[in-house]
Amino acid sequence: MRKLRSKQAISIDLDHMQTLHAEAIEQLDLLKTALEAAEQAKDTMRDNLDTMAANHWQAYMDVLHMICMHDEAMNNALKKFGVKMRDDNFDKREQQPGISRLLLLFLLTALIRRHRRMVYVYSLRGEPMNDYLKESLTMEREHMADLITMIHSSM
Numbered sequence: 015m016r017k018l019r020s021k022q023a024i025s026i027d028l029d030h031m032q033t034l035h036a037e038a039i040e041q042l043d044l045l046k047t048a049l050e051a052a053e054q055a056k057d058t059m060r061d062n063l064d065t066m067a068a069n070h071w072q073a074y075m076d077v078l079h080m081i082c083m084h085d086e087a088m089n090n091a092l093k094k095f096g097v098k099m100r101d102d103n104f105d106k107r108e109q110q111p112g113i114s115r116l117l118l119l120f121l122l123t124a125l126i127r128r129h130r131r132m133v134y135v136y137s138l139r140g141e142p143m144n145d146y147l148k149e150s151l152t153m154e155r156e157h158m159a160d161l162i163t164m165i166h167s168s169m
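When the count follows my numbering, it moves up by one through the sequence shown with no breaks and lands on 169 for the last residue.
These are calculated hints, taken from the structure and not from any lab test.
Listed next, the in silico BS3-like pairs over lysine-lysine satisfying Cα-Cα at most 30 Å (straight line):
1. Lys94 - Lys46
2. Lys148 - Lys94
3. Lys46 - Lys93
4. Lys56 - Lys46
5. Lys148 - Lys98
6. Lys46 - Lys98
7. Lys148 - Lys93
Given only the sequences and the hints, what does the whole structure look like? Please build it.
In structure tokens, the structure reads:
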């Protein structure tokens, strides 16, 4: 007679996840800096800074792909909002090129804050609020996915 196994939670390497989220923060900070500089620039310099910003967004998406490979819940949250990893043909109907740069900067700041929160939560090991923090990660992941969708549609 065969024994049925119960599903066990996949353990996440917390140090590795902290490193991935730290790299995501770094790429978003670089993207934000390029967008802030482009706001003050003109002509070719502005175009070059916009290109840099787009490159940092692609690098961020690559890091996000690595995060999703280790965090199935994050992958599911992104799928829920329609973000596909490695999707170069993002649906043109969903793009909002008219979004203001200021709004984009605010969205980036919010996303950076969410990644910092993830690093913070992953750093808490065996703390009294551990169960609460695990539950709050679901909400954090969904908010991150929503922010990523908004930013992705405007890049």
